Amino acid sequence: MGGAGAVRGRILGLFVLVGMVAAPSARAFEFLDGRLQVHGFFENQIRFLADDFHAADDWDLAQWYHVLNVEVEWDLAPNGLGPFDLVSLFSRLEGRYDCVWQRACGLLRAHDQPYGDDARHLPKRVSDARRPGFTGTVPTGDVRRRHGVPREAVLDLDPGPGTFLANVPALDFPFKDRDFGDRRRPGLWFNTPVLDDLFNNAGVDTIFGSADDPAPFYFEPVITGCKYAFRDVPGPENGVGTQPGVWNPGCQIRTLGTLRFKPNPFRSGDLSPITGAGGSTEQPFRPAPLFSFQDPSAPAVAAQGVYYPNAAVRRLLDAGDFDDFDQNFRQAELEWNRGASQQDEKELKELYLDLELFDSRLWIRAGKQSI
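All residue numbers for the sequence shown refer to our numbering, where the first residue is 1 and numbers rise by one.
Honestly, the hints are just simulated from the structure, not real lab data. Treat the hints with care, as some may be off.
[As the list claims (entries may be wrong)] DSBU-like, lysine-lysine: derived pairs with alpha carbons at most 30 Å apart:
#1 Lys124 x Lys227
#2 Lys346 x Lys368
#3 Lys124 x Lys176
#4 Lys349 x Lys368
#5 Lys227 x Lys176
#6 Lys368 x Lys227
[Stated by the list, open to error] Pairwise CB distance ranges (calculated):
#7 Asn310 x Phe180: 47 to 53 Å
#8 His54 x Thr135: 29 to 35 Å
#9 Arg361 x Val301: 37 to 43 Å
#10 Pro236 x Pro299: 37 to 43 Å
#11 Gly339 x Arg365: 25 to 31 Å
#12 Val301 x Asp344: 26 to 32 Å
#13 Gly241 x Val301: 29 to 35 Å
#14 Arg109 x Gly320: 37 to 43 Å
#15 Thr224 x Asp323: 22 to 28 Å
#16 Pro299 x Ala332: 34 to 40 Å
#17 His54 x Leu89: 27 to 33 Å
As the structure is a computational prediction, the values presented were derived from the model and not from experiment. By construction, the Cβ of each residue, glycine as well, lies at the ideal position given by its N, Cα and C atoms.
Modelling step: build the complete structure from the supplied sequences, incorporating the hints.
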């Protein structure tokens with residue numbers, strides 16, 4: 001770490017040290033002769049991750065929570081009220097903000113941002129995937145990292161007079177030895193194993209990179225706005241495998257029917273907007289859906305577009321067994337720790353009444369509690 005990076009590191013270390021040795025003692029504010037008390041604390045929670053504790057993995061800053069906890073205790077009826085010998089109220093509010101979503105609260109440079117919709121430089125632990133060097137059992141020698149490889153490249157195909165520039169598939173084998181630069185930036189859908197071959201094909205005009213290329217058109221719902229991390233895991237090809245994962249919160253995940261509204265190439269009534277032609281070549285073992293990809297009245301259990309739900313999925317849909325998987329949250333919600341379990345009450349963690357009856361032999365706690 002050098003220059004500005006060293007300065008940022010020292011500032012971060014100073015914050016940690018101050019938080020450890022200069023934390024003030026906890027105090028409470030009292031009102032109504034001590035019947036109402038307000039107390040709490042503020043703390044920083046900083047966590048780093050590294051693969052097998054290897055320092056070379058950059059000790060990725062994975063969390064920097066600023067936590068404000070406020071608790072209220074109120075003896076509403078210390079001398080009893082009606083049948084109750086005691087009535088008291090307790091409430092706890094907890095606000096959390098995580099700096100990792102905003103360049104470590106400004107300590108990181110913009111191009112070092114590892115998390116969020118503006119992620120530009122992934123941790124090594126999630127960007128180390130490589131091609132296996134094989135296709136099945138056939139050696140290819142292609143062991144490039146999956147991150148940083150573009151879909152297409154511009155090459156000088158005629159170095160003589162009247163040079164000709166053309167888009168060619170950079171994912172393809174001829175580029176197996178070429179370094180395209182930043183290997184730590186978030187990957188895109190066309191870097192996914194197996195699917196990358198689909199993006200090497202030109203459309204009906206046979207010109208790669210033009211508007212009628214099929215793969216970018218069909219996979220547009222998962223290309224637009226989505227960034228991916230590719231991690232190296234054990235796999236079947238030369239012992240190498242790749243684990244992909246959505247990285248940015250802005251990528252809206254749809255679990256069923258993502259390609260429902262794309263034209264089916266086997267259905268004659270589905271006119272493709274990129275070719276202007278309808279589908280064809282439907283066969284008994286290659287059926288076309290009954291519903292057009294543009295038909296909004298198609299039921300969820302029906303095949304439509306290039307979405308073919310199998311019998312088990314249809315049964316589950318009919319029974320209503322699919323629920324909300326609570327995955328799509330905006331970055332602003334994650335920054336403030338408002339995920340699935342915080343959607344309803346937000347920062348309210350606890351709010352309950354303590355009630356005592358029958359000379360305090362019966363005790364009731366009613367309300368929202370953390371158990």
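Right, here's what the structure says about each hint:
Taking the CA atoms of Lys124 and Lys227, the gap is about 16 Å. The hint holds against a cut of 30 Å. For a cut-off of 30 Å, the pair hint linking Lys346 to Lys368 stands: about 13 Å separates their Cα positions. Of the pairs offered as hints, the one joining Lys124 and Lys176 holds, with about 21 Å between alpha carbons and a cut-off of 30 Å not exceeded. For the given pair, Lys349 sits about 8 Å from Lys368 by alpha-carbon distance, which is consistent with the 30 Å threshold.
Distance check on the hinted pair: Lys227 and Lys176 sit about 23 Å apart at the alpha-carbon level, within 30 Å; holds. Taken as a hint, the Lys368 and Lys227 pair is broken in the structure, with Cα atoms around 38 Å apart against an allowance of 30 Å. In this structure, Asn310 and Phe180 break the distance hint of 47 to 53 Å, their C-beta atoms being roughly 39 Å apart. Between His54 and Thr135 the Cβ separation comes to about 31 Å, which falls inside the hinted range of 29 to 35 Å.
For the hinted restraint 37 to 43 Å between Arg361 and Val301, the CB-CB distance of approximately 57 Å leaves it violated. Checked against the hint of 37 to 43 Å, the pair Pro236 and Pro299 passes, with Cβ atoms roughly 38 Å apart. Gly339 and Arg365 have their C-beta atoms about 26 Å apart, which keeps the hinted 25 to 31 Å range intact. Here the CB-CB span from Val301 to Asp344 is close to 31 Å, well matched to the stated 26 to 32 Å.
For the pair Gly241 and Val301, the beta carbons lie near 34 Å from each other, so the given range of 29 to 35 Å is met. The supplied range of 37 to 43 Å is broken by Arg109 and Gly320, whose beta-carbon atoms lie about 49 Å from each other. In this structure the supplied range 22 to 28 Å holds for Thr224 paired with Asp323, their Cβ-Cβ distance being about 26 Å. Hint check: Pro299 to Ala332, Cβ distance near 35 Å, so the stated range 34 to 40 Å holds.
Range check, His54 to Leu89: Cβ separation about 51 Å, and the 27 to 33 Å hint is violated.
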